[in-house]
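A.B. asks: Here is how the chains run, residue by residue.
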Amino acid sequence: MELVGRILLVEDDPNDTELTMTALEEYHLSNEVVVAADGAEALDYLYHRGKFQERRNGNPAVMLLDLKLPKVDGLEVLKQIKSDDNLRMIPVVVLTSSREERDMVASYKLGVNAYVVKPVDFHEFVNAIKELGVFWAIINEAPPGSIKKT
Amino acid sequence: MPTAKPSSPNVPAAIRRYGLAILSVAIAVGIAIILGHNHFRNVADPLFLFSIAISVWYEGLGPGVLAVVLSGLADSYFFIEPVYSIYVTRDDVPHFIIFILFASLLTGFAAVRRRAERDLLQSRDKLEQEVAIRTQQASLLDLTHDTIFVRDMNHVITYWNHGAQELYGWTPEQAIGKRSQQLLRTVYPAPVEQIQAELLRTGGWEGEIEKAKADGTPVVVASRWSLQRDGRENPIAILETNNDITERKRGEEEVRQLNLKLEMRTTELEAINKELEAFAYSISHDLRAPLRHIVGYAELLQKNASSILDEKSHRYMMTILESAKRMGALIDDLLAFSRIGRAEARQATVSLEQLVREVRSELGQETDQRQITWKVGPLPDLHGDRSMLKLALVNLISNAIKFTRPRPQPEIEIGCAEERKDGVVVFIRDNGVGFDMKYVNKLFGVFQRLHRTEEFEGTGIGLATVQRIIHRHGGQVWAEGFVDRGATFFFSVPHHGR
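If you read the sequences in order, they're chains A and B.
The opening position of the first sequence corresponds to residue 1 in the working numbering, with each subsequent residue numbered one higher.
The opening position of the second sequence corresponds to residue 1 in the working numbering, with each subsequent residue numbered one higher.
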């Protein structure tokens, strides 16, 4: 299967991944999602390394990034993206359980485009994810160099 | 002593002094002439020498010289041929010269001796005077309670005052003649050679020294040394004054120990605080995720299986969902509560009136359908952290709204109970379900609830949060209430919060 990947979801928890995909399904966006299970995989995808060596060219239209990740954590991934000329234009939305102010401040300082706290309530969660997906993958004009809509 | 001899005040001293010389020579001439008439020969010279000796002895060199001159003249005039002329024949010149030389020698010796004797007497007087002064000083030094002692350059004690006896317990008899370092078991703060060098260079030294009393009790003294030098600048003695500062040192040591303990406690508390922060952080992160999954999957299950679930299973599903949501609310409230303790309080002047307006409009949704009578009195400005104070008000006002729910005519009153120089007291009163005063102590505890969840929802953290916020502002919270007759909550905020 070709990895289309207009939405890069960086999420280590399979349950969260599944719930997120369920939410995106309602707008038929789930088949546009590529999942990276940790920070290292996310960077592999962006740099065409490892199992993403053969992927189609272009950057994702949006990246949904969890902060607490194995190997390379979310803030580190964010830092690398925002300091790379080819990647810094990718819109990054931090999607996290953390309501801690220091995480929020650190993310904004590194240039994050949005910061969303995952709601405990499932309806709210689904709504938040749907709106994010619709906004960034459909409404928002992705920066040049992004993978085009199919 | 001649100069000290009493003299009649109307006769000038010079006339008296030189008069004696003239008189004694005249008497010698008279006696010699009388004896000459009685055929005594060669008595003039001894008589003249005698008169010279008397003049020199009693009146000093000047009258002595005058007596020599007068004797010479009188001798040549009256007793050396040709008589009654001061002319001296060649044969008598040696005799005359020998007389003059002998007379001069006598005068000189007598004058020297006289001076030596006078000096001796003078220095004796001086010494006596000094001894008198010293004795007086020493007895004065004995009057003071300050410890003063003197030692020579070999550190042998030469003086020991009453204050020294009081402090160290050694009598002057026991102390004088002993080496001070051995007697007092002195422990110097620096090598003694170094102290000695400074003393010799600057003439003084000051420092804290440990010594021991006669009974062995250790003392710490503030010690002051002064070097005494003789006329030729040679150091001869060291005067040392001591003040007992043992108590002060003990006090200082206690303060130091307490400070050390305090520092340790602070470090411990900081570590505990950090741990708590890490704990709160992991709750925030790790506890919410599984909760979200419970809710998420339960809802998905409910949606997908709604057709095959019976009513009982539906109720189970609802319970799972409600419990999970309630736990989510608990976690959120608990985190907010812990954040109050950790967050930096930003000090500002806050208009309570405006704050109450904001809170009321934010809680409006809940109250719109109900006919609540609001009585908001004039409210003062507070000094504190705006967002924290707002959170406290949200909790207090939403409580009032919540617990008046069963009332057909709910009433909520907010006002200033007391406005003092040092702060204000604000109250929030409702005519709701109230509470039993016997549980008033439980009211502000974390997770403490006086009502069942079915009656009134809530996590039991609201009032604990209020208390924490008000305590952080240096104020107090308290409550009054009766079952079914409403509750009043008071809080005080000092003008200059902590």
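Note that these hints are calculated values from the structure, not bench results.
Watch out, some of these pointers could steer you wrong.
[Stated by the list, open to error] Below, simulated DSS-like cross-link-like pairs (lysine-lysine); rule was C-alpha separation at most 27 Å, straight line: (1) A/109 / A/68; (2) A/79 / B/274; (3) B/325 / B/402; (4) B/325 / A/68; (5) B/325 / A/130; (6) B/375 / B/390; (7) A/82 / A/68; (8) B/375 / A/71; (9) B/303 / A/130; (10) B/274 / A/109; (11) B/375 / A/68; (12) A/109 / A/82; (13) A/130 / A/82.
[Stated by the list, open to error] Covered stretches of chain A (chain B as the covering partner; in silico rule of three or more C-beta atoms under 8 Å from a C-beta of chain B): (14) 15-28; (15) 116-129.
All residues carry an ideal CB built from backbone N, CA and C; glycine is no exception.
A.B. asks: Looking at the structure, which of the earlier hints fail to hold?
C.D. replies: 8 and 11
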